[in-house]
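Novice: The residues making up each chain are set out below.
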Amino acid sequence: MTTSVFVIDDDFAVRDSLIHLMRAEGLRARGFASGEEFFSNLPTDPVACVVTDLCMPGMDGAEVVNRIAELHGDAWPVVVLTGHGNVASAVSLMKAGVTDFIEKPFEPNRLIETLKGCLSRIRQVDERLKTRANIDRRLDQLTARERQVFDQLAQGFSNKVIAANLEISPRTVEIFRAKVMTKMEAPNLSALVRMSLGLE
Amino acid sequence: MASVAIALLARLGLEAFGKFYYLPLIPAVMLPALLASRRATALAIILSILANVVLVPRESLTDAIVNALLFALVGAAIGEIARAGRTARNRSVQLGSHLVKREATIQAMLTAASIVTLDEDSKIISISGPACALFKTSPDEAVGRPFHDFVEYFDPAAVQAAAGEQTAAEQYWLGRCSDGDLFPVGIQITLLPAADHACEVILTLTDLRLWHTAELRNQALNDQLNQVWRMNSLGEMAAILSHELNQPLTAAAGYLHATQADLGRAGVLADSASRTIDLAKGQVLRAGDIIRRARDLLAVDTRHLEPHRLSSILEDLEPILQMLGPPAGVPIQIDIDSADDRVLADRIQLQQAIVNLVRNAVEAVENEPLREVAVRGRAISTTRYRLSVEDSGPGVAPRQMDRLFQPMMTTKTDGMGLGLSVTRTIVERHGGKLAVDTSDLGGAAFSFEIQRTFSGDES
Numbered sequence: 120m121t122t123s124v125f126v127i128d129d130d131f132a133v134r135d136s137l138i139h140l141m142r143a144e145g146l147r148a149r150g151f152a153s154g155e156e157f158f159s160n161l162p163t164d165p166v167a168c169v170v171t172d173l174c175m176p177g178m179d180g181a182e183v184v185n186r187i188a189e190l191h192g193d194a195w196p197v198v199v200l201t202g203h204g205n206v207a208s209a210v211s212l213m214k215a216g217v218t219d220f221i222e223k224p225f226e227p228n229r230l231i232e233t234l235k236g237c238l239s240r241i242r243q244v245d246e247r248l249k250t251r252a253n254i255d256r257r258l259d260q261l262t263a264r265e266r267q268v269f270d271q272l273a274q275g276f277s278n279k280v281i282a283a284n285l286e287i288s289p290r291t292v293e294i295f296r297a298k299v300m301t302k303m304e305a306p307n308l309s310a311l312v313r314m315s316l317g318l319e
Numbered sequence: 163m164a165s166v167a168i169a170l171l172a173r174l175g176l177e178a179f180g181k182f183y184y185l186p187l188i189p190a191v192m193l194p195a196l197l198a199s200r201r202a203t204a205l206a207i208i209l210s211i212l213a214n215v216v217l218v219p220r221e222s223l224t225d226a227i228v229n230a231l232l233f234a235l236v237g238a239a240i241g242e243i244a245r246a247g248r249t250a251r252n253r254s255v256q257l258g259s260h261l262v263k264r265e266a267t268i269q270a271m272l273t274a275a276s277i278v279t280l281d282e283d284s285k286i287i288s289i290s291g292p293a294c295a296l297f298k299t300s301p302d303e304a305v306g307r308p309f310h311d312f313v314e315y316f317d318p319a320a321v322q323a324a325a326g327e328q329t330a331a332e333q334y335w336l337g338r339c340s341d342g343d344l345f346p347v348g349i350q351i352t353l354l355p356a357a358d359h360a361c362e363v364i365l366t367l368t369d370l371r372l373w374h375t376a377e378l379r380n381q382a383l384n385d386q387l388n389q390v391w392r393m394n395s396l397g398e399m400a401a402i403l404s405h406e407l408n409q410p411l412t413a414a415a416g417y418l419h420a421t422q423a424d425l426g427r428a429g430v431l432a433d434s435a436s437r438t439i440d441l442a443k444g445q446v447l448r449a450g451d452i453i454r455r456a457r458d459l460l461a462v463d464t465r466h467l468e469p470h471r472l473s474s475i476l477e478d479l480e481p482i483l484q485m486l487g488p489p490a491g492v493p494i495q496i497d498i499d500s501a502d503d504r505v506l507a508d509r510i511q512l513q514q515a516i517v518n519l520v521r522n523a524v525e526a527v528e529n530e531p532l533r534e535v536a537v538r539g540r541a542i543s544t545t546r547y548r549l550s551v552e553d554s555g556p557g558v559a560p561r562q563m564d565r566l567f568q569p570m571m572t573t574k575t576d577g578m579g580l581g582l583s584v585t586r587t588i589v590e591r592h593g594g595k596l597a598v599d600t601s602d603l604g605g606a607a608f609s610f611e612i613q614r615t616f617s618g619d620e621s
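Listed in order, the protein sequences are those of chains A and B. Remember, the working numbering sits 119 above the position in the first sequence when you count from 1. Remember, the working numbering sits 162 above the position in the second sequence when you count from 1.
Worth flagging that the hints you see were computed from the coordinates, not collected in a lab. Among the hints, erroneous ones may be present.
Claimed, not checked - Partner residues aside, some chain A positions facing chain B, computed with beta carbon under 10 Å: (1) Phe131; (2) His139; (3) Glu144; (4) Gly145; (5) Pro224; (6) Glu226; (7) Asn228; (8) Glu265; (9) Met303.
Said to hold, decoys possible - Pulled from the structure, derived: some chain B residues nowhere near chain A, Cβ distances all over 12 Å: (10) Ala213; (11) Ala414; (12) Asp451; (13) Arg457; (14) Arg540.
Stated by the list, open to error - Computed Cβ-Cβ distance ranges for the label pairs, DEER-style: (15) Ala215/A with His374/B: 50 to 58 Å; (16) Lys249/A with Thr545/B: 45 to 53 Å; (17) Gln260/A with Ala597/B: 51 to 59 Å; (18) Leu396/B with Arg149/A: 38 to 46 Å; (19) Arg149/A with Ser474/B: 27 to 35 Å; (20) Thr545/B with Ala263/A: 48 to 56 Å.
Ideal placement from N, C-alpha and C gives every residue a C-beta, glycine not left out.
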């Protein structure tokens with residue numbers, strides 16, 4: 120599924136032209152007339168790009184930025200459009216995690232380049248998210264004892280140490296270990312350890 | 163009584179030389195008449211008659227009664243005349259002392275006031291000490307010289323004409339000292355019609371130097387505020403225009419770029435059209451640059467905020483605020499907590515913001531039965547100071563609340579709607595936020611907070 124770009128701007132012409140522009144560049148785009156409209160119809164995409172105007176009646180761009188940062192962190196990068204560069208607000212927005220700050224009117228290429236950069240970055244984020252979801256799904260299949268063995272293996276303990284720690288026989292540990300490897304779809308121990316790192 | 167007794171003794175003594183009847187008793191009546199009250203005189207007359215009737219034998223009863231009545235009449239007449247004379251004398255003594263007092267009072271006033279008297283040709287007849295000091299001259303030098311030697315273009319008729327139109331404080335003349343210095347002087351004129359139809363003129367002079375300096379300072383501040391207002395509103399206008407224009411320019415650039423991208427898919431045939439569109443996009447962006455430059459040029463110079471005392475900022479401003487309020491019948495109450503009022507501010511800009519808010523408040527209450535405007539200031543925490551301008555007007559309607567600070571939005575028939583917008587910009591440059599609420603005076607309360615500073619930070 121292609122990643123979407125959400126455009127929030129109270130000015131219809133600006134919103135419409137940006138959507139045209141993005142679609143012409145092959146991006147998926149959808150417009151919202153205000154922050155309120157955006158959050159009451161909040162899309163469920165795990166990753167997305169947001170382009171928002173700064174000065175809007177009602178909820179302003181800064182609030183949009185903060186709420187998105189709270190909800191999705193870097194899975195939803197935000198680009199802010201502004202009428203006139205205001206150094207103070209630019210600094211505070213950058214601190215709030217805004218990817219870019221573009222002054223209107225701008226060379227459309229600049230926005231497109233910025234968005235493409237965001238998209239490639241969140242594609243990685245997306246993959247990481249998917250991997251983690253996979254691992255989480257597999258971990259859910261483990262029994263309590265298997266999960267204990269998995270945690271011990273991830274810490275690099277040998278079968279003997281694990282047997283001593285869990286107060287079971289080394290033979291039992293071996294059986295559990297084989298089950299964990301199958302359920303986690305891990306070809307070898309190092310793959311299993313990498314999966315455990317992906318959790319942290 | 164004593165006088166009657168003495169007179170009787172004299173009368174008895176005189177009896178030997180013939181019949182005198184009442185004649186010797188006349189002095190006995192005159193004495194109390196001259197010295198004592200009307201009652202004492204009457205008593206003397208009665209005693210004299212009784213004494214005479216008892217002591218002097220009469221030929222007939224008629225003679226005795228006629229003589230007694232005549233004596234009583236003569237005695238009463240003497241008594242009344244003497245009394246009238248005495249009252250007149252008393253009154254003239256009183257009048258005399260009153261005149262002396264009055265003379266002394268006038269003299270004292272004359273020596274304290276700057277007074278010049280002129281004859282009908284505007285020549286100086288007399289000049290008081292303070293007036294001499296004012297012109298740095300002496301009475302000997304000044305008397306006899308024409309008054310326009312001392313006050314340029316002086317003409318009594320003109321002074322009188324002017325007095326009808328303007329208050330003395332607004333009308334002033336240029337006085338010239340003997341050393342050539344010029345100074346503002348106020349002149350009040352009184353005409354005394356003299357016996358021979360020529361008029362004598364009395365001038366009361368007021369030194370307006372101090373008033374003039376204060377007036378000049380207020381004028382300068384007012385000019386400065388007007389200048390700041392022009393710059394602020396121009397800057398605000400530029401900001402509004404650039405914001406409004408940047409939207410369609412952004413949209414145009416976006417549409418053009420989208421078209422260009424579409425054309426790109428049409429292959430080489432569309433190359434030329436794509437280049438033309440690129441040129442068009444360049445022009446749109448150029449328009450954006452022009453607006454940005456104009457805006458930067460007109461942007462209000464955000465100077466560094468410096469420590470100032472709010473009470474001093476308001477003190478300077480007071481004459482200006484008094485020009486806004488009282489002429490419209492609106493008293494302006496200034497209540498600034500001067501204990502912890504040191505704040506970080508751009509003095510003239512903050513004054514501009516306050517004047518804007520007060521002007522709005524005055525206009526809001528102008529047609530109300532209750533007219534009150536208050537400027538209040540309080541430290542609300544160790545770091546923030548809160549200033550509010552409140553009025554007893556109708557307040558702000560809820561549906562206007564959110565549009566209130568929008569530029570070009572006005573409820574007045576003769577306004578650009580820039581005042582509140584400019585004020586908000588100024589407040590925001592001071593790190594505050596302009597808020598509107600309901601005042602306990604009944605109307606609107608516009609308030610904002612600014613950064614406090616401490617005496618130690620003062621540069």
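Novice: Compare the structure with each hint and give your call.
Specialist: Verification of the supplied hints:
{"no.": "1", "hint": "Phe131", "result": "holds, 9 Å"}
{"no.": "2", "hint": "His139", "result": "holds, 4 Å"}
{"no.": "3", "hint": "Glu144", "result": "holds, 6 Å"}
{"no.": "4", "hint": "Gly145", "result": "holds, 8 Å"}
{"no.": "5", "hint": "Pro224", "result": "holds, 4 Å"}
{"no.": "6", "hint": "Glu226", "result": "holds, 6 Å"}
{"no.": "7", "hint": "Asn228", "result": "holds, 7 Å"}
{"no.": "8", "hint": "Glu265", "result": "violated, 54 Å"}
{"no.": "9", "hint": "Met303", "result": "violated, 46 Å"}
{"no.": "10", "hint": "Ala213", "result": "holds, 119 Å"}
{"no.": "11", "hint": "Ala414", "result": "violated, 7 Å"}
{"no.": "12", "hint": "Asp451", "result": "violated, 9 Å"}
{"no.": "13", "hint": "Arg457", "result": "violated, 7 Å"}
{"no.": "14", "hint": "Arg540", "result": "holds, 26 Å"}
{"no.": "15", "hint": "Ala215/A with His374/B: 50 to 58 Å", "result": "holds, 57 Å"}
{"no.": "16", "hint": "Lys249/A with Thr545/B: 45 to 53 Å", "result": "holds, 48 Å"}
{"no.": "17", "hint": "Gln260/A with Ala597/B: 51 to 59 Å", "result": "holds, 57 Å"}
{"no.": "18", "hint": "Leu396/B with Arg149/A: 38 to 46 Å", "result": "holds, 40 Å"}
{"no.": "19", "hint": "Arg149/A with Ser474/B: 27 to 35 Å", "result": "violated, 56 Å"}
{"no.": "20", "hint": "Thr545/B with Ala263/A: 48 to 56 Å", "result": "holds, 55 Å"}
Checked against the numbered hints listed earlier, the structure breaks hints 8, 9, 11, 12, 13, 19; every other hint is satisfied.
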